[in-house]
Structures are given as C-alpha cells and as structure tokens.
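Enquirer: Spelled out, the chains give:
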Amino acid sequence: MRVFLQLMWYFKQEKWRYLGGIVMLAFVSLGLLVPPKVVGLIVDHIKEGTITEEILWRYAAVLIGIAIGIYVLRYIWRILIFGSAVKLAMLLRNRLYEHFTKKSQEFYHKRRVGDLMAHSTNDLQAIQQTAGDGVLTLVDSLMMGGFTLIAMATTISWKLTLVSLLPLPIMAWATNKYGTMLHKRFHSAQEAFSTLNDKVQESISGTRVIKAFGQERDDIDSFSKLSQDAVKKNMAVARVDSLFDPTISLIIGFSFFLAVGYGSILVTHNELTIGELVSFTSYLGLLIWPMLAFGWLFNIVERGRASYDRVESLLAVKEEIEDSGSIENCPKGDISYQLEQFSYTTGTPVLSDIHFTLKRGQTLGVVGKTGSGKTTLCKLLLREFQLRLDDIIIDDHDICDYKLHALRNSIGYVPQDHFLFSATIAENIAFSKVESPFIKIKEAAELASIHKDITQFKYGYETVVGERGVTLSGGQKQRISIARALIKNPEILILDDSLSAVDAKTEESILQQLKRKRQNQTTIITAHRLSSIAHCDLIIVLENGTIVQRGTHLSLLNEDGWYKETYEKQALETLISQGGVIK
Amino acid sequence: MSTEQEPTLDELQQMKQWSVFKRLMSYTKPHKKRLAFAFFLLLVATAAELTGPILVKTFIDDFVTPRNFDQRALVVLASGYIGLIVISAVVNYIQFVLFQSVALDIIQTLRIQVFSKVHSLGLKFFDRTPVGSLVSRITNDTEAVKDLYVSVLSTFVQNIVFLFGIFGFMFYLNVKLALFCLGILPFIVLIMWLYRKYSSRSFYDMREKLSQLNAKLNESLQGMSIVQVFNQQKRLRKEFAKINQEHNDAQIRNIKYNGLLLRPAVDLVYMFALLMILSFFGIKSFNSPVEIGVIYAFINYLDRFFEPVNMMMMRLSIFQQAIVSAGRVFTVMDEEEFAPIKKGDETPSISRGKIEFKDVSFSYDGEQEVLKDITFTAEPGQTVALVGHTGSGKSSIINLLMRFYEVNKGKILIDDVPLSNFENKELRTKMGLVLQDPFLFVGDIMQNVRLYDETITDEDVKNAARFVQAAPFIERLPEGYQTELGERGATFSSGQRQLISFARTMAFSPKILILDEATANIDTETEEEIQEALHKMRSGRTTIAIAHRLSTIQDAELILVLHKGEIVERGTHQELLRQRGLYHKMFLLQHGKDSMNDVG
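First to last, the sequence lines map onto chains L and S.
Number 302 in my numbering belongs to position 302 of the first sequence; there are no gaps in the numbering.
Take the position in the second sequence, starting the count at 1, then add 1000; the result is the number in my numbering.
I should point out that these hints are in silico values taken from the structure, not numbers from a laboratory.
For glycine and all other residues, C-beta sits at the position ideal for the given N, C-alpha and C.
Warning: the hint list may mix true and false statements.
Stated by the list, open to error - With the C-beta cut set under 8 angstroms, the calculated list includes, among others, these residues of chain S facing chain L:
| hint | residue |
| --- | --- |
| 1 | E1049 |
| 2 | A1215 |
| 3 | I1226 |
Stated by the list, open to error - Here are the simulated distance ranges between beta carbons:
| hint | chain 1 | residue 1 | chain 2 | residue 2 | range |
| --- | --- | --- | --- | --- | --- |
| 4 | S | I1087 | L | K15 | 28 to 38 angstroms |
| 5 | L | D218 | S | K1022 | 32 to 42 angstroms |
| 6 | S | I1160 | L | A172 | 26 to 36 angstroms |
| 7 | S | M1333 | L | V113 | 27 to 37 angstroms |
| 8 | S | E1532 | L | D503 | 34 to 44 angstroms |
| 9 | L | K458 | S | T1483 | 52 to 62 angstroms |
| 10 | L | S188 | S | V1417 | 51 to 61 angstroms |
| 11 | L | A174 | S | S1079 | 21 to 31 angstroms |
| 12 | S | T1483 | L | N176 | 41 to 51 angstroms |
| 13 | L | T357 | S | T1483 | 27 to 37 angstroms |
| 14 | L | V434 | S | T1483 | 51 to 61 angstroms |
| 15 | L | S352 | S | T1457 | 54 to 64 angstroms |
To be verified - One-sided and incomplete, this derived list gives chain S residues near chain L with beta-carbon spacing under 7 angstroms:
| hint | residue |
| --- | --- |
| 16 | L1104 |
| 17 | F1115 |
| 18 | Q1233 |
| 19 | S1420 |
| 20 | S1539 |
From just these sequences and the hints, can you work out the full model?
Expert: This is the structure we're talking about:
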C-alpha cells in the first residue's frame, strides 16, 4: 500500500476529482443495497397479500430512480477516477520524455533503448492501473463489502450473516492459493514459450546450415517436442486457471445453502420474514465482487509500487553535462584542441595528447583505423561528454563557457549512422529550421548532391522516410543527413565518416561544392577513404587515440607510414573493383 | 461477426476474415469426439447449476411456506442441492480443461504445420523475408490464435449455452414471464451493437494513438543525439506532448464509451428486468396466489444472466486481434516459393566427386544476372578456388552447387549426372559445406557436431574432432565434448567455432568439400591450426573453395577469377601471377610489393 503514499502528491493535486469519485462510489455502493431490499419488501407484501397498485408504483419509482442514479454516478466516477489515472500516466510520460531530451550520450551508452521504452510503456501502465483500478478496488472492497455486511447484519439478521459467511474465508484462501500456483505455472509456461521462440529464431537464422546438412525433418521433430512441452506447460496453467470459477460457485453455493437452510429455521421461528430471506440471498451475491477485488488489489499495488520505484529512480538520474556557461553568442570557427587525455566515465583513455589548431575557414581531415578515436574526437566538440577546463578552445573561449545551445547552433553535424526520422524528406532536411522555405531546402539538397535522387521519388520532397517510410540506400540517407546539416549553414561542419556509402564521383562533387560554399567556415571530415580528405588543410592520422602522423596529403605521401601504405592499398583496391582496368 | 470491429476494413477484407475464421474452425475437425464430449459435459454442468434454484423454489413453496417439515424429504432435498453444486463444479472443471486441451492441441498442430512449411521453402523466400517477422509468425501470431481458442471461443460457447439454459428454466417456471424476459434480449443486442460501433472504434483509435506515441518515443530515443546536436529538444517535447495529449483524449473517450455502454448499461437493463419481474408477480398476486419460490428462482436466474453477457462483451476485442494474426500465419502457409525439388525417378549416388559447370547463368530476381556462362570442371580430388571481390558471384556458384537455388540456364553435373536428379539428402550429406560464419546451435559440442544424426556415434564425433585438430582444445575444456555452447557459441573464439564446424562437416564424411571463405574471420591464434585442418580435409576430396586470402589456395589445381559474374581469368597460382592481370593485383594488395620478388 506504500505506493498510495508515494502517489499522494498526485492525489492531492487532483483531490477534488478523487474525492468526488470516491463519494460517488460510496453512493453507488449504497444504491446497490436498495434493490434487494425492495425485492424483499415486495415479496413480503405479496406473501401477506397486502400488495396494492400504489405500493407497486412507489417501489417501481424507487427502483427506476436508483437505476438511473447508479448509471449516471457510475459514468461520472469512471471519468473522474480513471480519467485522473490516465492523466497521471500522461504527466509522467511527458516528464520522462523531457528528462530523456536532457540526458547526455553517456546516459544512452549505459542503457538500452528497449529498457527505456519498457519504463515508459509497461511501468507507466502499471502506475496508471494503480491510480485507477487500484483506487477503485480499494474503495470498492472496503465500502461495498462493508456496507453490504452492515446492511445484512443490521437490517436483516446478524446471526444469519455470521452463519452464511462461514464458507467465504475458504474462498479467499483458495483463490489466493490458486493465484500463487497460477503465477508459478504461468511463469514456466512463459519460459517454455520463450524457449520455443529461441528455437525458431535459431532455426530460421541457421536455415542454411540445416539445409546444407539435410536436417529439416529432424529439426521439425525437435521443434515439435519443444512445442509439445509448451502445450504441457500451458495445460498445467489451464488446470489451475479452470479451478477458479467452479471453486467460487461451489463456495457461493454452500453459502446460499446455509443462508436458505438456517434462514428458513429463523423464518419458522418468526425471527425473519420470507422477503428478508430473499433480500439476504441477494446481498450474499453482492459480496462476491468485493472479496475478489480485495485479492486483486494486492496484485495491482505490488506491480504499481515496483514500477513507480523504477520510474522514480530513472527520473532521479542527474545531469552529467553542466550547462553552466554564460556566453549566449554562437562561436565562430577558430578551434584549438589542447587535450591531454579523455576517457568515458569508466575505462581506459580513448584519446590522449591531441593538440591541433584550426583557423576559421580551414578544413581538417581525420583518418585512422576503426576504433582509433575519430568519432570521439568529433563528439567532444559537440560537448556530448563532460570536458575539463581548457581542453578545447573555440573562438578564444573555453568550450564550456558557451551555453550548450549556442555552441550547438554553430555546428552542423553529420553522424556516422545517418539516422533519419519518420517524416518527409523535406521535414528531415529542415529538421533544425522547421520554417525554412522550400528554396532553402532544395538548396541544401543540391549542395549534398541528393536533389536529383529526391525528384525521382514519386512524392519528391514529400516522400516519407525512416522506419515506416520508403527504404533509402545508405548513400541516399547519408546525403540527406548532410543536407540536414548544411541547411543551418553552420559555422563548423562535421562530417563523421559520412561519405562512406557515396560513390567516388558523387563524393567528389559534394566536396567541390563544400569547398566553394564554405570558404570562411570551418569543416572537419573523418573518413576511411583517403579521397574524402585529400584536399584538407590539415590531416591527422589517429592510432589508439593519439596522433601518429600529421600534415597535408602531399607531405604525408612523402613520408613512410600508415597514410602512404593505406593510400597505395586503396588505389589498388579501386583498380581491382573495376576489374583491373583503369577506366 | 468480427468484421465491423475495425472501421478501416472494407468488404473484401471482411470476406477474407470470414474465410480465415472458417479455416481456423476446420482445425477442430480431428477433435470432434473430444469436443462433443466436452459439449455434453457443458450441458450437464449447466443443467446441474441451473437446477439449484428450482430446488430452493421447491423448498420455499412446499416446505417453508406451509410450515411442513418432513425430515426425510428435507434430507433428500438438501443432499440433492449439495450434490448438484458439487456435480456442476466438478463437471464444469472437467469441461473447462477439456476445451482448453483441444485448443492447445490445435495450436500444436498449427505450429508444427507452419514450421514444417517454412522448412520446405527455398532460400529465395528467406532472402526476402526478415528473420524477425518469420519468427513472429511461428510464435507470437500462433500464440494470439491460442487466445482466440482458449479465451474467446470456449468462453462464447460456454456462456451461450448458459444463457440458453437460463431461458429454458425460465420457460419451465413460467412461460408468460419467460416470454417477457426474452424482451431483454433486443436491449442486450442493441448495447452490444452500439458498443461495437462506438466503443470498439474508440478502442481502435486509442491503440492507434498509443502505437504512434510509442513510435515517436522510440524514434526520439534512438535519434536523441541528433535531436540534441540540432537543438531541437523543445520542439520535440512539444510534439511529443501533443501526441501524448491526443492519446490521453482518446483514452478518456474510451472510458466514456465504456462507461456509457459497458457494465453500467448492462446493469441498467438488469434493474429494469428486475422491475418487470416484480411488477409481473405483484400484478399477478392481485387475482391469484403467487408462489414465493418462483419469484426467488426468477430473480436468481436474472442475477446469473448478466455475468455471461458482460464477459462476452469484454472478449470481443481479442477476437479481432486473433483473426488478424491467424491471417498472417495462413499467408506463410500458403507461400509457394518452395525449395528446388528432385527430378527423375532414379536415385543416383555420389561416388567419385567430379563436378562440372556447363554454361551456367543465374539470377536471383530474374532481372540482374549474377552469373554469366560459367564453365569449369573439377576432377575427383581436385581443388578449384574461386576468387574475386565482393559481389563478383563466388557465393552464387556455391549456392547453385548446393542446390539452394535452381539454375536459370546451363547445366551442373556431378559424376556426369545432372544435379537435379539427386535426392536432397544425398547431396547434402555427400557435400560438406563450411560457411564463413560458423553457425553453432544451442547445445553441447557433441550435439553441434552430429546435429540430429543419431547414426554418428560419440567415437565418430571424437574422430572428426581429432581429424580437424579441434580435439586438443575441446579435451582441455572441463566438460570436454559436453561443454554447452552459449548463444551462437559466443563463449568460443571465432577460430575455435570454425574448428567445431569443421568437425561437423567431417563427421558426415563428405565426398565433396565446399568452403565458403572459411578462413575469412579467423583470429591469428588459431589460423595455423585451421590451415592445417583445411589441408587435411581437402586431401582426397574434390573441393570448391572461396578464399579471400590468396595464400590459402596457392596449391589449388584451378583458380577461377570472377568479376561481375564472369570468369575473367583461370589457371594455377603461378600461371595467373605471370599473366599480371587481376589476380596479380589482388596478390599485390594482400602481400605487398616485396613478396613479388619470389615469383617475378
């Protein structure tokens, strides 16, 4: 029940809705007590022969009034209580989302997107259930159960109440017991299902091997065994699951039996009228739901608490990047790296001893093997990770002195993994400048040599891309994400290995255009293919996070080392891929 | 009855859904007897359950009211009542379990069918179908169909029988009032109709918004670094809040519809029905005496009438989902991209291992040719190596030789017999394929080597392992051949995994060896062992080898250099180097200029 305390802030915030809802629930519970009573009274009148049309009309009016009243109240409390629960989930969801947008890449390195999604969906759902069904079952089991018991004991007979309630604790005990059994068996059925799932996953991915060894038949047999096992486990669940209804009706049957039997004795002793006995049996029926609700309540609350704790602890994760700089102006493109060492929070240094200076308008090329630290070098400039004082100086100020948004406004970044959003191409290009006129979007696309491709799509710039849109080639995605960066006309442009899927001719044309357009702006290019960076004013070669060679294309070709070797190798590779003939 | 649930569905789809439903129902045929028995039990249990109130009625009218307490009659009545509730509980339990067992058996059949079907399909099908979606068809979708059988169909059958039972007993008690009670039905049907029309639409709407919301969230999380780098946090927060609000509104709408149409509405009908019964007896009592027990029984039946109705209404939405899933399962079952099948009546076997390609051309999609007029012969015991850059067609040659795909033009002969005349089993056991990625299954090393073939003894496995030099490292493991391989063999180095897959190939003692870049991903530690093992494996066997590292195939009798699907150079290592063509350049690339001095 602690979760109700944890959620108290919200209950207080929505106190009128919750109070209103609870009061209505109370009235509904009271209202439900009336029809059985009316039935009893009418039965007695009929029995005594005292019934008149007038009495009948009066009771009819009462019943109709109660029925409509309950209908209306039920409709309203649902909106009040369930509506508030839905709103709570929305609130928390927005809060989580805002939190996510503020988290640095460090945060995302440590967590899987799948887990974060689970928190924002399953956990919020459990919390919503606690704030809705949880409150309902608590109130209902206490009020409806309580009211009904009071009505039975005070208005009819406390002796009869005691006697007929005797079997009910067995029901509570049995359903609780079944619940635990069911939980266990359900768990093992789930496991069998996931084993089956793994098996299928394996068979499908290994289909070549299975076919190569002619093992299809045997694999089907093995699948069939696992599937049979899943059936067995599910049967075990079914055997317990099927116990609930018969048990409940059996116990209720006994309870009715006692009520009718002992009730009749009381009737013959004139301690009870026959009508009261009829009312009593109806009240007994009303008690079933509160008893079940009470068992259910514990389930809901337990899940809700675990989920709420998880969401809370996620929200409690502190910001790693301090946005404490004060400079609101966007920096110009003079960049100086004076980095002694950089490592992610845990682990060995990723970069060390990186020193270089770029003047505004210059172009830097960064090359080196996979894992040599090229991407990290770029990302430091974006301040995706926390830096030390004087590591990087931009436009005469320490990088940390700038407001984050000011710094990032100056930078156009094209990442390695060309991520596009599920939106139109135009929207993707204008991602940072939503209000851009079409002419600007087209201009950026032309600069990135993607305009022609786009016009060939059926819907042109309105073509939807991303996960749920058309499939683009890697090269097309890369060029769209280049256009996305270029539309900002950024002071500093970073191309992080983002020409890899583009053919040589297109690469050449993009580089030419960039050179022409960005004479007074700084550009950083990392690449595997040396042709992408041959034109750079400064080229650095990284190995294991440190600079092993630096110079221009020409100077590096004249010195033995990684650059020269790689250049010759790549020239040969190009030759081979063209069939050995220089075209 | 499923069809109107989704407003976006048109007539055509409705018909399709109906045929899916009929097809699902056809799976119940083999279980007719068990179903009939379950149905019989259902009738017994329902009758027993509904006879209870009649006994109470008799008790009230014949004993309590006239104050007549005949001991023996009372004992009979009481034990009858207890007997009935016990019988109904027990029989009900049995029929619940029976219905479920039939449902689960049907799912078992369905699963094996779809799984077998998938195995009978050709690699062409796998090329165009993502693994994830196929897995989902076999597991998740059949699971959804399970819900249809277990919690929808059986519930519907049980509740409908129960409702019929109630009316039956009402008619037994009082025909006139029972007829009046039939008047409730149109209201119930109306509510169900309204519910399906409005509430299910708003439910669908809510689900749609939820999936949008989750898609947005998922995408944002994946692209968060872009969002941050481009300073778009505020805008995206706004966009997210907007969808969130829409989702919220859809949920509220759903709550409202449920509040108007679900339980509260059904309860409202109940109240009016109660009023009707009371008035009926009240008015009747003006003229004639009324038996109190009958009133009791009627009210009792009325109380029981509405629970099944509520239950069926709650299960309606599962139905739709299951039909959609079943449709997807059937699509896979109707797939016709079968694996190539054997032609001719004779069952030739591979004895020598001669391989011949004659003018073979091939295309995966029927448009772009990936192999053009490939001709070569591998004499028994020879090694033919295929080299060329990525996409030159090396793997396609192997795919054709393994008969994963059908040749478009030309002929492939083994021991001078067309490839298509061999049984698949013969081909697959006599030709040992070693893949670039040594795929290992969950299980121990023993199982991974012999796969499912029980004729391969433990000793055979050990011999195979010794032969490929895998024995030393396996025997050093604490559990030896019983060592469990983790997910895809992740616990072993790539070299060790490759050695295990070599052992697997050798355990089947193939006549022909096919190596698909078997040395491409090997760590240097085991490279020597691998090379030695390969050398041993090749001796005495016809071998077709794809090699990235030219050093591994220098002793091949024939090297074919492929470019864009054509053989552009052929010869031995030395001949090809002397040609100073493509092969020569590849060799330079891998070995640097210095090594050329030796061959010059």
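Enquirer: Work down the list of hints and note, for each, if the structure agrees.
Expert: We went through each hint and held it up to the structure:
1. E1049: Holds - the Cβ of S/E1049 comes within 8 angstroms of chain L, reaching about 7 angstroms at its closest.
2. A1215: holds, 7 angstroms
3. I1226: holds, 6 angstroms
4. S/I1087 - L/K15: 28 to 38 angstroms: violated, 52 angstroms
5. L/D218 - S/K1022: 32 to 42 angstroms: With a Cβ separation near 34 angstroms, L/D218 and S/K1022 satisfy 32 to 42 angstroms, so the hint holds.
6. S/I1160 - L/A172: 26 to 36 angstroms: holds, 31 angstroms
7. S/M1333 - L/V113: 27 to 37 angstroms: holds, 34 angstroms
8. S/E1532 - L/D503: 34 to 44 angstroms: holds, 42 angstroms
9. L/K458 - S/T1483: 52 to 62 angstroms: At 55 angstroms between Cβs, range holds.
10. L/S188 - S/V1417: 51 to 61 angstroms: holds, 52 angstroms
11. L/A174 - S/S1079: 21 to 31 angstroms: Since L/A174 and S/S1079 have Cβ atoms about 23 angstroms apart, the given range 21 to 31 angstroms holds.
12. S/T1483 - L/N176: 41 to 51 angstroms: holds, 44 angstroms
13. L/T357 - S/T1483: 27 to 37 angstroms: violated, 56 angstroms
14. L/V434 - S/T1483: 51 to 61 angstroms: The hint (51 to 61 angstroms, Cβ to Cβ) holds, given that L/V434 and S/T1483 are roughly 58 angstroms apart.
15. L/S352 - S/T1457: 54 to 64 angstroms: holds, 57 angstroms
16. L1104: Check passed: Cβ of S/L1104 comes within 5 angstroms of chain L, closer than 7 angstroms.
17. F1115: This interface hint holds because 5 angstroms falls under the 7 angstroms limit.
18. Q1233: Result: holds, 4 angstroms to nearest chain L Cβ.
19. S1420: Result: violated, 16 angstroms to nearest chain L Cβ.
20. S1539: violated, 22 angstroms
This entry does not satisfy hints 4, 13, 19 and 20, going by the numbered hints stated previously.
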